[in-house]
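Protein chains: 2
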Amino acid sequence: MRIPILKLGRYLLISVQVELDDQTALQFQEDLLNKIHQEGSLGVVIDLTSVDMIDSFIAKVIGDVVEMSSLMGAKVVLTGIQPAVAITLIDMGVSLQEVQTALDLEQGLERLQQELGG
Amino acid sequence: MRIPILKLGRYLLISVQVELDDQTALQFQEDLLNKIHQEGSLGVVIDLTSVDMIDSFIAKVIGDVVEMSSLMGAKVVLTGIQPAVAITLIDMGVSLQEVQTALDLEQGLERLQQELGG
Numbered sequence: 001m002r003i004p005i006l007k008l009g010r011y012l013l014i015s016v017q018v019e020l021d022d023q024t025a026l027q028f029q030e031d032l033l034n035k036i037h038q039e040g041s042l043g044v045v046i047d048l049t050s051v052d053m054i055d056s057f058i059a060k061v062i063g064d065v066v067e068m069s070s071l072m073g074a075k076v077v078l079t080g081i082q083p084a085v086a087i088t089l090i091d092m093g094v095s096l097q098e099v100q101t102a103l104d105l106e107q108g109l110e111r112l113q114q115e116l117g118g
Numbered sequence: 001m002r003i004p005i006l007k008l009g010r011y012l013l014i015s016v017q018v019e020l021d022d023q024t025a026l027q028f029q030e031d032l033l034n035k036i037h038q039e040g041s042l043g044v045v046i047d048l049t050s051v052d053m054i055d056s057f058i059a060k061v062i063g064d065v066v067e068m069s070s071l072m073g074a075k076v077v078l079t080g081i082q083p084a085v086a087i088t089l090i091d092m093g094v095s096l097q098e099v100q101t102a103l104d105l106e107q108g109l110e111r112l113q114q115e116l117g118g
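Residue numbers (the working numbering), protein chains in the order written: chain Z, 1 to 118; chain S, 1 to 118.
It is worth saying that the hints were derived from the structure and are not from the lab. None of these values were measured; they are calculated from a predicted model. Keep in mind that a hint or two might mislead.
Any copy, or any two copies together, can satisfy a pair, since identical chains are not distinguished.
[As the list claims (entries may be wrong)] Distance condition first, Cα-Cα at most 20 Å in a straight line; then the derived EDC-like pairs of lysine to aspartate or glutamate: (1) 60 / 19; (2) 7 / 106; (3) 75 / 115; (4) 75 / 31; (5) 7 / 110; (6) 7 / 52.
Next comes chain Z alone, as it looks inside the complex:
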């Protein structure tokens, strides 16, 4: 199962609407980094609205994806983080200090456009 990555100009949009098992999450990580490289993307919005909860492994993968994307020069905005997801991320010590968050996909995209000025 692959999570689709949508290209919108210089941005990538992802809406996670499947259950994130370990394999899917790792595949997503690989796909996203490849896509950032391929498209020269400046920003990424990952919408987690449909994700009710995550385990510690998925929390780590999410943290990793954010850091890896930043290393590659793409700014990440996480949107629609639900309470249980926020709790697991913090409990697991995932460092999201530099990551921007927003309520939904639209606001995430606006946030990127403000930050990147386009």
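The hints should help you fit chain S onto chain Z, whose structure is shown.
Relative to the frame of chain Z, chain S by itself:
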């Protein structure tokens, strides 16, 4: 397998990145119409860039989805139609006279914004 539907303001974005078997296509049709109703969407962009070919059943479902969405008041733009897909759609007599097309997701969205003025 469900095809994720992304909500971006008053628009819905779909990028079909899985093989469209009959069940997936019908599920998508149902999901999209429900989502249009739920969100009061004005427009829909369906990106078929990753779809290499379709059979006659899928061609019919695509034609139906466009007509049904229009009936519900949402304008549909199809993007990234590959040669083999275009051939099947026309061969199957799918009436796409009223449907807008565009090269990619971004241009599809621009087309909607032009048409719907915002």
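Taking the hints in turn, this is what the structure says about them:
1. 60 / 19: For residue 60 and residue 19, only the intra-copy Cα distance (16 Å) is at most 20 Å; the inter-copy one is 30 Å.
2. 7 / 106: Close inside one copy (14 Å) and across copies (8 Å); limit 20 Å.
3. 75 / 115: within (9 Å within a copy, 31 Å between copies)
4. 75 / 31: Answer is within: at 16 Å inside a copy they meet the 20 Å cutoff, but 31 Å across does not.
5. 7 / 110: both (15 Å within a copy, 14 Å between copies)
6. 7 / 52: between (25 Å within a copy, 18 Å between copies)
Going down the numbered hints, you'll see the structure goes against none, and every one checks out.
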